[in-house]
Structure formats: C-alpha cells, structure tokens
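Please model the complete structure; the sequences and the hints are all you need to start from.
Chain by chain, the residues run as shown.
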Amino acid sequence: MSFLTTKHTLVRRSVRAFCERELQPIAKELDIEARFPWDVVEKMGKLGYFGIQVPAALSGAAMDSVSYCIVIEEISRACAGLGLCVTVHNSVGVYPLVAFGTEEQKQKWVPPLAKGERIGAFCLTEPNVGSDASAVESTAIRDGDHYIVNANKVLVTNGAVADTCLMFVKTDPAAGHRGLSVIVAERGMQGFIIGDLEDLSGNRANAVSSIRLTDCRIPVSHLLGKEGMGMKIGLAALDTGRIGIAAQALGIAQAAMEEGIRYAQQRRQFGVPISRHQAVQMMIADMATKVDAARLLVYRAAAQRDSGGPFSKESAMAKLFASEIASEVADMAVQIHGGYGYTKGYPVERYYRDARITRIYEGTAEIHRIVIARSVLEEYK
Amino acid sequence: MPLNIIICIKAVVLEAPDGKVIRTSETCALNPFDRPAIEMAIRLRDEAGGTVTAVSMGPESGSLALYEALAMGVDHVVLVSDPSLAGSDTFATSTVLSAAIRKLAPFDLLLFGTRTSDSDTGQVGPQTSVLLDIPLVTGVTAVTRKKANFIVERKIDEFIEEYEVALPGALTIHASALQPRDASLMGLETAYGQEQFTLMTLKDLDILAEQVGDNGSPTKIINMQRIQKKRKCEMIQGSVEEQAEELVRRLKEAGHIG
Ligand SMILES: Cc1cc2nc3c(=O)[nH]c(=O)nc-3n(C[C@H](O)[C@H](O)[C@H](O)COP(=O)(O)OP(=O)(O)OC[C@H]3O[C@@H](n4cnc5c(N)ncnc54)[C@H](O)[C@@H]3O)c2cc1C
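Chains as they are written, first to last, in the working numbering: chain A, 1131 to 1511; chain B, 343 to 600.
No false leads were slipped in.
FRET-style restraints, in silico, Cβ to Cβ:
hint	chain 1	residue 1	chain 2	residue 2	range
1	B	Arg592	A	Gln1154	32 to 42 Å
2	B	Ile364	A	Trp1168	35 to 45 Å
3	B	Pro425	A	Ile1500	54 to 64 Å
4	B	Ile563	A	Arg1406	29 to 39 Å
5	B	Cys575	A	Tyr1472	24 to 34 Å
6	A	Trp1168	B	Glu506	36 to 46 Å
7	B	Arg487	A	Asp1329	49 to 59 Å
8	B	Pro477	A	Gly1318	52 to 62 Å
9	A	Ala1305	B	Arg385	54 to 64 Å
10	B	Ile502	A	Asp1329	49 to 59 Å
Listed next, the in silico SDA-like pairs over lysine to any residue satisfying Cα-Cα at most 25 Å (straight line):
hint	chain 1	residue 1	chain 2	residue 2
11	A	Lys1420	A	Arg1146
12	B	Lys562	B	Ser459
13	B	Lys572	A	Arg1397
14	A	Lys1176	B	Ala371
15	A	Lys1245	B	Arg523
Because the hints were derived from the structure by calculation, they are not lab data. Virtual Cβ for every residue (Gly too), placed ideally from N, Cα, C.
Below is the structure:
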C-alpha cells in the first residue's frame, strides 16, 4: 500500500502487541461491566497515545495522520470503546486547542492532555440538538471577565472521565450559527455536573455521559478562538475526527473478519470445516474485500490530510464507507458463527453492537451523504 | 562513570519459510530474545549516563530491527550490510561484528541476546567475544555495578552463579532477565526522524572478502526439511471417572507425569 512506510509497519506492530497484551484479554469484561480501564489508559498515556499528532513541543508524538489511523485501528481491533476514547480525545478534544488556541491556552491545556494525565471531551449534542449544530440552546452570557454558562450536553464520549471539555454554546443566542462559540470547561469548576453513564448498546468501555453546567462562571480566557467561531471550529474538528471514527470502524471490521475466518476454519459441519462450503467462502471474500476497500479509503483520507490539501470529502467518504462495512462485516461474522455468534461466548456479538454506532456519531450516514454529494456536485458544476 | 554500551541485535524472519527466505520489512522483526538485552542496555545507560549503540549485520530489511531499537531508546544504530556478506554462518557473522565493533571502540560493555528465534544457535555472542578477546558471561539475569567492574548473575540448573566482570566485557542477557519496554509513539516517530543511522559496508571494515559470506563460513547448510509430526487421536471409553483414571495411567506410563 503506497501510503505505508516501514515506520507504519512498526507502529502497527508496536500498538498491536500492546493492545493484544493489555486490552484484548479484558475487552469482554469491560463490555459486560461497562468499565473504563484506568490502568491501561495510564500506560497508553505514557506511550503517547493521547497526543498522537500533538507537536513535540507540547509533549505530543508529532505523528502523521496515517500513523494516527493505524493506532486507532489497532486499539479498536482490541476494544472499540477505548478506540473511541482515544480518537475523540485526540481529534475533537485536543486538536482544536492546538489549531485554534492562543499560545497561553496551548501551554496550559495541551501538555497534560497529550500525556494522558487529563482526558478531553467534545460537547456539542444536546437533548434538542443533534445533526443541526446551529440549534445549540446552551448559553454563555458575558459578565465582566467571565461567562456565565448554562449548558445541557448529552451523549458525551469520555463524559464521566473528562477533565477538559470543549463546550459548544451560544454567546449570542439571537445570531443563529454565527452566535456559536467554544468555551473550555474544566471538571471541578463550580456548577460543572457529570450526569449518569449512558447504558450503551456497544462501546461500553467508554464512559459516555451527560455533562451539565449550571450558572458556571468561566473566565473569558477560556474562549477558544473568537466569539462566533464555534461553527468553524466544530467543522474543522469533525473533518479530522471523522478520519478517526473511520479508523475505529475499520478496526472493528478487521476484528470481526478475523474471528469469522478463524471460526470458519474450526467449525465442522457435513464432515468438513465450514470454510469449505462455498456459501461461507462468499462471505469471507466479501468481508476481506470490504475491509481492504475501507482501509484504502481511510489511509487515503489520512494521506490527503498529511499532504496539506483539503480532505473534507475524502474523510467523509472514508467515514461513511468504513462505518457501513463495519456493520456488514460484523453481521457476516455473526452469520458464520451461527447460533453461537448470537451469544456472549464469542466476541462477534460485541463487534456487532460496537459497529452500529459508527454510522451515527460524528455525523450520521445521511449527513455524510449530504456532505459528499454537495462536494461532488460542486466538482461537476 | 558513563558507560559506552554496544549491543548486537538481529532482524529475524517471522515465519519458517517453505523454501528460500525472502526478507522484507513485513516478514522480518527484531529478534524477541534481543529485547531484554536492549532493555538492560537502556537501563544501565540511564543509571550511569553514556550511550547505547546497536549494531546489526544483515540486508537492508534488517534496518527495521534497528529502528525499533531506536524507538525503545537506543542512541545510535549501525547497519553492517554488503552483498558479499550473504550466506555468512555464525562464525563469519562474528568475524564481521567483531570488525565493526573494533571500529566503534572504545566501549565498556558489549551485550547480546542469548539466541535468535529463527536460527537458535546461541553462538554469535560467545564467538564475537572470543574474537575481540574480552571476558564473557552468558545467560546473565542481573547486572549490578561494583566500582569499575560489574557483578553479574547467571542462573544455571538449580544454582545462581555470581561473577565479577572487568571492563570491557561481554554479556549475553537471558530473556527472563527483564521485561522489555514498549516503544512509545514519540520514540517511533523520532527513530525515523533523525540522523542516528550509520551504514557500514565491507570496505569500512578491516577484513577481507574471503573471511565473510559463503567463503568465510566453515559450516554449510546442506539441506533443510520440515519435520512431519505424527499425531494420533485415541478415544478413551467409559464413565468420566474411568476415563480420568485411564488417562492418568497412560500419562504415567508414557513418563509425562510422576
Ligand atoms: C456512543 C455515543 C457517543 C457520542 N459522543 C458524542 C460526543 O462526544 N460529543 C457530541 O457532541 N455528541 C456525541 N454523540 C452524539 C452523536 O454525535 C449524535 O447522536 C449524532 O450527531 C446524531 O444526532 P442525533 O442523535 O440528535 O440525531 P438526529 O440529528 O436527531 O437525527 C435523527 C435521524 O434523522 C436524520 N437526519 C437529521 N437531519 C437530517 C437531514 N438534514 N437530512 C437527512 N436526514 C437527517 C439523521 O441522519 C438520523 O437518521 C454521541 C452519541 C453516541 C451514541
């Protein structure tokens, strides 16, 4: 694959070895208990997983986007919920601070985040706000050197464990999407309340929860960029984030495919391993082709980002395709397992649940099709 | 006293070949038995100061092992690579490594893994040390400093042997000595980003073409054949208790349990 160098081979091997030793053996337990593995997270922090693309001067690993994808893919292959934690933290949690923060803000927030000593979150979704980000109802009203923030954010990835949260709020509620701004809220501030964990279908190792800010006084120095820049920051964050979610979906698909193939070679029916039955072979061929195609799209989007050119369309295509094939491949892996595939005795049942959400978060499949179509129609105008 | 440590490492092939070995970055990896030795080198350097230089002889694909060593925290790496080296046995390899190490001298400690996962001879460490005429302890599990010397431990049968080694000296590090660290992403990124890589060819070494490759190798592999393992499956009949007793009886009979 022309996107890959020997460095990428080493990155994959290294992260895979870590995840197979530290994460894979407990992934089932984390799913059942909906437990966030602090001990593993701490080790990941020391290895640079929480600052993958952060500049070295801010304590990051300063890697390229293809390496980034490989890391997320490998973590997600072992445990999707942790893959989600790491990609959301890096892409929509930390990247906007690096890209839009002042020098002072970067020095204050980024190093502890990059070292995994603090965890980041991206808080956009509200009870009445999903695909339409301009409809945010949370507010930040200026009061001298402070904003008084009232926010009700739901379905926040890393919500219950996050320290540094990008809050999408209206600084000018009358101005529609032009009134949208990003303010950094920190756990421990007066009025910062973490809600109950969501009882998720998949990705259960992730502490997804609601976060509420009630009359929370936040210094004006916590405003990211300028007032009214929320939409711009959000879109830039999501363009980057989508590559990560695509890599997460790819990792889940890879894991499902591997389990499907393994089972097909072991399980015997009608006197032969079921992998000898043509109908099963068709599924194996489809799984392998879909996973490879997704991988090409994901790495292309990453390589495009590294080249410095626009990559919105490429990242949207990669996210759309990888998320859809993740569900298809997990579904086939369950099918190959027969009835056992529908039990918790085999991990494919978990992959099936983990895969489903990738078509919804960081922009639904429908919204992605809108974005892609708009871009393609523009090209052929 | 800061330490100048040299460690010899190898890129091994990951899977047993069916025929000719093709070495690429996909089929090669750092010898797993070298990792604890790298860990030892890094820890000794971190305690005492100084530098760790990793040396590997092999084709270009072997650089992967060196980059991995850099990612773990080694300071410099040297790849000794030359078409004339192809076909070298362990003796010719030791000749080349000792020649390269003379170029890198002075050094205090020379480390090796005990063996490799693909050829498993355990000969390169001892042979290289002999060619360099320095003291050697094999299968070392612990190293502590004693003034200008080192006290090293070696587990053998039911005993722990202790040696005092004068410098410069050589050690082969047992795989059980230390848990090797994971390479960090920072390490992986900087391993490829900096100029810590030196390439040596035969003309950089004070040895002759006759001493290396096929010509310099007193041993030749005449033939290699996969071992066909004969397995047979027997069903033991009876109740669960009877089956268990029969199984125990047979395992005893075969000498597998006491
Ligand atoms: C596990 C998990 C983690 C999450 N993490 C985060 C997080 O960290 N931060 C955060 O802010 N949010 C997070 N979310 C929320 C997620 O991003 C939203 O669920 C998602 O953006 C969709 O919004 P919604 O659920 O309100 O759906 P809606 O926007 O209500 O959409 C419902 C349906 O209508 C369709 N639809 C909506 N508008 C259009 C249109 N214009 N044209 C065609 N179809 C349309 C959608 O595609 C979808 O099928 C998370 C959700 C989950 C489940």
